[in-house]
Amino acid sequence: MILGRVVGSLWATRKPESLAQRKLLLVRPHASYRLSSGLDQIVAVDTLDAGVGDDVVVCIGSPARWSLGSGNLPLDAAVMAIVDRVELDAG
Amino acid sequence: MRLARVIGQVWGARQAEHLGGHRLLRLQPLALPLTTPDGLAEQRAPLRAEQLAARGELLVAVDGLGAGPGELVLVAHGSRCRDLTVGDDVPTKEVVIAIVDDAEINARVLRPGEGAR
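Residue numbers (the working numbering), protein chains in the order written: chain A, 1 to 91; chain B, 1001 to 1117.
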């Protein structure tokens, strides 16, 4: 999972039927989270109504599908939580 | 998924038969705007996706949706996504799962102090 900030929204009509009505958010991972793709952007399906500016936890791979309740969704990232507060251990 | 732009297509006279005639697209991921020390992108107004630079290494993905040159797509990684779209006999782990009609990126909410990679 990664922590990131929602920086945009995407709309796509040409996609599998199983992804219809699914909200797509563009998330920029926070600096300390490196994506395996090495990119500074990831697009995640959102079901929690996160908005631009929210910090979110994004799960990647099969957990993303399970978090949406079905293994039959062709996606690899989903918003799992909207973050209110992060406590950093000063230790 | 990754947001990328179609910058070409790959043809191979001799292709693995399992590609089953699916198109191979050359894609380049889009990069979010660089941020200034005060955390704001150079542009302060929201950006349209076409204003985003394509940067980063190229990738090749199998396309079952018919994306054209210059179009924005979402690329999903993994065999499960492949199985559910182009089929489990296609030898790839990168598939185009959506063609993006529109995207709006709010440059103002990028993290403070995020320097260029």
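No lab work stands behind these hints: they were computed from the structure.
There could be a bad hint or two in this list.
[Unchecked claim] A partial selection of chain B residues facing chain A, derived with a Cβ cut-off under 10 Å:
no.: 1; residue: Pro1029
no.: 2; residue: Gly1066
no.: 3; residue: Pro1069
no.: 4; residue: Ile1099
[To be verified] A few chain B residues that don't get close to chain A, going by computed Cβ distances all over 10 Å:
no.: 5; residue: Ile1007
no.: 6; residue: Gln1009
no.: 7; residue: Ala1013
no.: 8; residue: Leu1024
no.: 9; residue: Arg1080
no.: 10; residue: Ala1103
no.: 11; residue: Glu1104
[Stated by the list, open to error] Think about it this way: if two alpha-carbon atoms lie no more than 25 Å apart in a straight line, the pair counts; the simulated DMTMM-like pairs of lysine to aspartate or glutamate are:
no.: 12; chain 1: A; residue 1: Lys23; chain 2: B; residue 2: Asp1102
no.: 13; chain 1: B; residue 1: Lys1093; chain 2: B; residue 2: Glu1057
no.: 14; chain 1: A; residue 1: Lys23; chain 2: A; residue 2: Asp54
no.: 15; chain 1: A; residue 1: Lys23; chain 2: B; residue 2: Asp1101
no.: 16; chain 1: A; residue 1: Lys23; chain 2: B; residue 2: Glu1050
no.: 17; chain 1: B; residue 1: Lys1093; chain 2: B; residue 2: Glu1071
no.: 18; chain 1: A; residue 1: Lys23; chain 2: A; residue 2: Asp49
no.: 19; chain 1: A; residue 1: Lys23; chain 2: B; residue 2: Glu1017
no.: 20; chain 1: A; residue 1: Lys23; chain 2: B; residue 2: Asp1083
no.: 21; chain 1: B; residue 1: Lys1093; chain 2: B; residue 2: Asp1083
no.: 22; chain 1: B; residue 1: Lys1093; chain 2: B; residue 2: Glu1017
no.: 23; chain 1: B; residue 1: Lys1093; chain 2: A; residue 2: Asp55
no.: 24; chain 1: A; residue 1: Lys23; chain 2: A; residue 2: Asp84
no.: 25; chain 1: A; residue 1: Lys23; chain 2: B; residue 2: Glu1094
no.: 26; chain 1: A; residue 1: Lys23; chain 2: A; residue 2: Asp55
no.: 27; chain 1: A; residue 1: Lys23; chain 2: B; residue 2: Asp1089
All values derive from a computational prediction rather than experimental measurement.
No residue lacks a Cβ here, since even glycine has one placed at the ideal position from N, Cα and C.
Results of checking the hints against the structure:
Annotation: Pro1029 (chain B) was flagged as interfacial toward chain A, and the flag holds, the nearest CB pair being 5 Å apart, inside 10 Å. For Gly1066 (chain B), the shortest C-beta to C-beta distance to chain A is roughly 8 Å, which falls under 10 Å, so the interface hint holds. The interface hint given for Pro1069 (chain B) is violated, since its Cβ lies 15 Å from the closest Cβ of chain A, which is over the 10 Å cut-off. Interface hint at Ile1099 (chain B): satisfied, since its Cβ lies 4 Å from the closest Cβ of chain A, which is below the 10 Å cut-off.
The beta carbon of Ile1007 (chain B) sits about 16 Å from the closest Cβ of chain A, which is more than 10 Å, so the claim that it is off the interface holds. Chain A leaves Gln1009 (chain B) outside its interface by the beta-carbon criterion, the shortest separation being 17 Å against a cut-off of 10 Å. For Ala1013 (chain B), the non-interface assignment is confirmed: its Cβ lies about 29 Å from the closest Cβ of chain A, beyond the 10 Å cut-off. No beta-carbon of chain A comes within 10 Å of the beta-carbon of Leu1024 (chain B); the shortest separation is about 18 Å.
Its closest Cβ contact with chain A, about 6 Å, brings Arg1080 (chain B) to no more than 10 Å, contrary to its assignment away from the interface. Not every beta carbon of chain A lies more than 10 Å from that of Ala1103 (chain B), the smallest distance being close to 4 Å; the non-interface claim is violated. The non-interface label for Glu1104 (chain B) is inconsistent with chain A: the shortest C-beta to C-beta separation is roughly 6 Å, within 10 Å. At most 25 Å may separate the alpha-carbon atoms for a hinted pair to count; Lys23 (chain A) and Asp1102 (chain B) meet this at roughly 13 Å.
A threshold of 25 Å between alpha carbons decides the hint, and for Lys1093 (chain B) with Glu1057 (chain B) the separation of about 16 Å falls inside it, so the pair holds. Only pairs whose Cα atoms come within 25 Å are accepted, and Lys23 (chain A) paired with Asp54 (chain A) is accepted, the gap being roughly 15 Å. Distance check on the hinted pair: Lys23 (chain A) and Asp1101 (chain B) sit about 13 Å apart at the alpha-carbon level, within 25 Å; holds. A hinted pair counts as satisfied when its Cα atoms are at most 25 Å apart, and Lys23 (chain A) with Glu1050 (chain B) qualifies at roughly 20 Å.
Proximity of Lys1093 (chain B) to Glu1071 (chain B) is assessed by CA-CA distance (about 21 Å); at most 25 Å being required, the pair is judged to hold. Using a Cα cut-off of 25 Å, the hinted pair Lys23 (chain A) and Asp49 (chain A) holds, with the two alpha carbons roughly 8 Å apart. Straight-line distance between C-alpha atoms of Lys23 (chain A) and Glu1017 (chain B) comes to about 36 Å, which puts the hinted pair past the 25 Å bound. Straight-line distance between C-alpha atoms of Lys23 (chain A) and Asp1083 (chain B) comes to about 22 Å, which keeps the hinted pair within the 25 Å bound.
With a C-alpha separation of about 9 Å, the suggested pairing of Lys1093 (chain B) with Asp1083 (chain B) holds against the 25 Å cut-off. Distance hint between Lys1093 (chain B) and Glu1017 (chain B) is fulfilled; the C-alpha atoms sit about 16 Å from each other, no more than 25 Å. Between Lys1093 (chain B) and Asp55 (chain A) the alpha-carbon distance is near 29 Å, which puts this suggested pair outside the 25 Å criterion. Taking the CA atoms of Lys23 (chain A) and Asp84 (chain A), the gap is near 21 Å; set against the 25 Å cutoff, the hint holds.
In summary, the hint linking Lys23 (chain A) to Glu1094 (chain B) is supported, as the alpha carbons are separated by about 21 Å, within the 25 Å threshold. With a C-alpha separation of about 16 Å, the suggested pairing of Lys23 (chain A) with Asp55 (chain A) holds against the 25 Å cut-off. Restraint check: the Cα-Cα separation between Lys23 (chain A) and Asp1089 (chain B) comes to about 29 Å, which exceeds 25 Å; the hinted pair is violated.
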